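Fit chain B to the supplied structure of chain A, relying on the hints for placement.
Chains A and B, in that order, are what the protein sequence lines are.
Everything in the first sequence is counted per the working numbering, starting at 1 for the first residue and increasing by one.
Everything in the second sequence is counted per the working numbering, starting at 324 for the first residue and increasing by one.
Hints are computed from structural coordinates only; laboratory data are not their basis.
Please note that the accuracy of each hint is not assured.
What the hints assert, rightly or not - Covered by chain B, per the in silico footprint, the following chain A stretches (three or more residues, Cβ under 8 Å):
(1) 12-26
(2) 84-91
(3) 282-291
Stated by the list, open to error - Short derived list, chain A residues pointing at chain B, Cβ under 7 Å:
(4) VAL107
(5) ASN228
(6) ALA237
(7) TYR241
For clarity, every value in this text was computed on a predicted model and none was experimentally measured.
For every residue, glycine included, the Cβ atom is placed at its ideal position computed from N, Cα and C.
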Amino acid sequence: MELFQVFIELAQSTVRVSTPLILAALAGLFTERAGVFDIGLEGKMLGAAFAAGAVAYITQSVMMGLLAAILISVLLSLVHGYASITQRGNQIVSGVAINFVVAGATVILGQAWFKQGGRTPALSADGRFGTIKLPFADSLRDVPILGQVYSDLLSGHSPLTYLAFLMVPASWWILYRTRFGLRLRAVGENPGAVDTAGISVIWLRYRAVICCGILCGVAGAYLSLAANAGFTKGMTAGKGYIALAALIFAKWRPKNILFACLLFGFLDAFAIRYQGYAFPLIGKVPVQLMQALPYILTVILLAGFIGKAIPPKAGGVPYVKER
Amino acid sequence: MSVPYAKLPAWAEYGLIPLVNLVVAFLISGLVVLIVGESPLEAAYHMINGAFGRGEYIGFTLYYTTTFIFTGLSVAVAFHCGLFNIGTEGQAYIGGIGVALACLAFDRTLPWYLVFPIAIVGASFFGALWALIPGWLQAKRGSHIVITTIMFNFIAASLMNYLLNKVFKPLGSMSLETRTFDAGGQLPKLDWLMSIFGLSVGSAPFNISFLLALLVSFGVWVLIWRTKLGYEMRTMGHSPAAARYAGIKEAKIIIITMMLSGALAGMMALNPIMGEQFRMQLDFVQGAGFVGIAVALMGRSHPAGIIPAALLFGMLYQGGAEISFEMPSISRDMIVIIQGLVILFAGALEHMFRPAITRIVLGLSPKTSDVAATKGA
Chain A
1 MELFQVFIEL AQSTVRVSTP LILAALAGLF TERAGVFDIG LEGKMLGAAF
51 AAGAVAYITQ SVMMGLLAAI LISVLLSLVH GYASITQRGN QIVSGVAINF
101 VVAGATVILG QAWFKQGGRT PALSADGRFG TIKLPFADSL RDVPILGQVY
151 SDLLSGHSPL TYLAFLMVPA SWWILYRTRF GLRLRAVGEN PGAVDTAGIS
201 VIWLRYRAVI CCGILCGVAG AYLSLAANAG FTKGMTAGKG YIALAALIFA
251 KWRPKNILFA CLLFGFLDAF AIRYQGYAFP LIGKVPVQLM QALPYILTVI
301 LLAGFIGKAI PPKAGGVPYV KER
Chain B
324 MSVPYAKLPA WAEYGLIPLV NLVVAFLISG LVVLIVGESP LEAAYHMING
374 AFGRGEYIGF TLYYTTTFIF TGLSVAVAFH CGLFNIGTEG QAYIGGIGVA
424 LACLAFDRTL PWYLVFPIAI VGASFFGALW ALIPGWLQAK RGSHIVITTI
474 MFNFIAASLM NYLLNKVFKP LGSMSLETRT FDAGGQLPKL DWLMSIFGLS
524 VGSAPFNISF LLALLVSFGV WVLIWRTKLG YEMRTMGHSP AAARYAGIKE
574 AKIIIITMML SGALAGMMAL NPIMGEQFRM QLDFVQGAGF VGIAVALMGR
624 SHPAGIIPAA LLFGMLYQGG AEISFEMPSI SRDMIVIIQG LVILFAGALE
674 HMFRPAITRI VLGLSPKTSD VAATKGA
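The following block holds chain A by itself, in its conformation from the complex:
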């Protein structure tokens, strides 16, 4: 039974760690499926986390914080969109630039406004997302196994976590079952054909980039309003890149994204829990290896040793209507 308890706890922290990854990877899914590569997920998340922490503290309202996060993230997305869609600049360069500007600006502005070394003041309960207790969570806990799964694993997460998991089928539905999604995917594969059909490639790509901004905003808000009580300097700590890795690992498909993020989240949760723990047969696994594993797995996948990850055909290529 103790083993089961450990399993529940690990699963619980896996869900917590995976939430921002799922949101950010889905964000990347929208732009990359439309042919705009985005390595600025990290920066957008960080900017959103800062905006959420700052505004939620000032207004004492968690919804204002969430809105501010989405707003900032969408604005940053539009900068990326302007550079890579309108100006036809290099999409990678633009993403790198956004990551740097945000990394610096959040610290400078945070220090100037709150004078706490780049963090925002700790939020009270009103300023953060609480947890949602699913109905009957307490009374069902005593039911063996299923009861615990229900009340400790499924219940008791922040609303944003439920939103993130709901966004997976929702994204699938948008991308595969709506006209907008069909066109969005088409514009990432063959923008010329979409243009010939009389649909604006530019406007479609901008909408995709805005979708990315919204989801990244929620991911950032999760970090500072749900997982923590406020913003801390550099709090994304590479999560945007892990999400990018998960997106590729998932071969740009919504369902796979869920599993890739849960896998990477699990590795993270496992590494934190079993730091310095000696396993039977294997002995101590260096924590650094666990940290590097998501990246190593992604490289192996990219190398084509576990199936082949084929990116959208028009990804990274600016669309030129005519010469």
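Relative to chain A, chain B alone:
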């Protein structure tokens, strides 16, 4: 992608456009300073004074410049072949292993001028090795170099953390670093060079690897513009299809280019490890690899542009430290913003001001404007 704009005279192409991009980046940074509630002019004064006000400051500025020349060249060499090497950061970090091994092995037996060449070879070897895998994956398996090099940066960080913890750290020491090198592992400062200009280097770690950086810059120029390999690299960068048609071995060129880029990145490690700290510390690269991206974009991937661009960022780093000392509300993170803005305007938005500049410049000389008009620019 062909450039749908009229051709500009060289002074505008390589001077005016980068300058305009830079000015815009600085104006926006100035705006951030204003938002923070400080005076941008005062900040600019502290920056320039902090970077050039005294011999010692200049020494620090040139110390940073050295680092950025290496990383800038690393990114630039890959650019020429159409490859975006974001992994310079990780390659420089791994390059440190070569420097550390050379110093730890020979610092007590050999003089610095013998250890230095060994360290150069070691740094380039390990840097090239770390770039070889993404290069090979791109060439042979078609894995996107940008993604693999990002992943390799993180893997490098974990690997170095492990190595410093388990291999390099002396017994009983708490901090994650190697032991301090003896005289053989310490590069001499360039105080004689400074004293020619009547300046004193003071405590600045301005060392002989600066001269190596200049030498390597020249080497890169020769390589790219005066050798067959460089020609093949540039052809690949311009048009992979043309390169294939001309019988250039694509995979070979990609792998060689990435290894050269990695070797240049690795050499960066000489400066902080042998020139300043005399030991290898955790995270000694400190983002210099990413600065290299800005430097290469700013310097238009040409050594003659990279050296001044590296100097600019050296000034920002040293001057930025001085600003944060004088104006506590502006920490060194300000440099990161400026760096990001330079990458944005000199890189991603490089064409934003081009139509306007083209109109103005070509408007000045009526003959060329006719050509532009017929081209429909």
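Are any of the numbered hints broken by this structure? If so, which, sorted upward? Violated hints: 1, 5, 6; rest satisfied.
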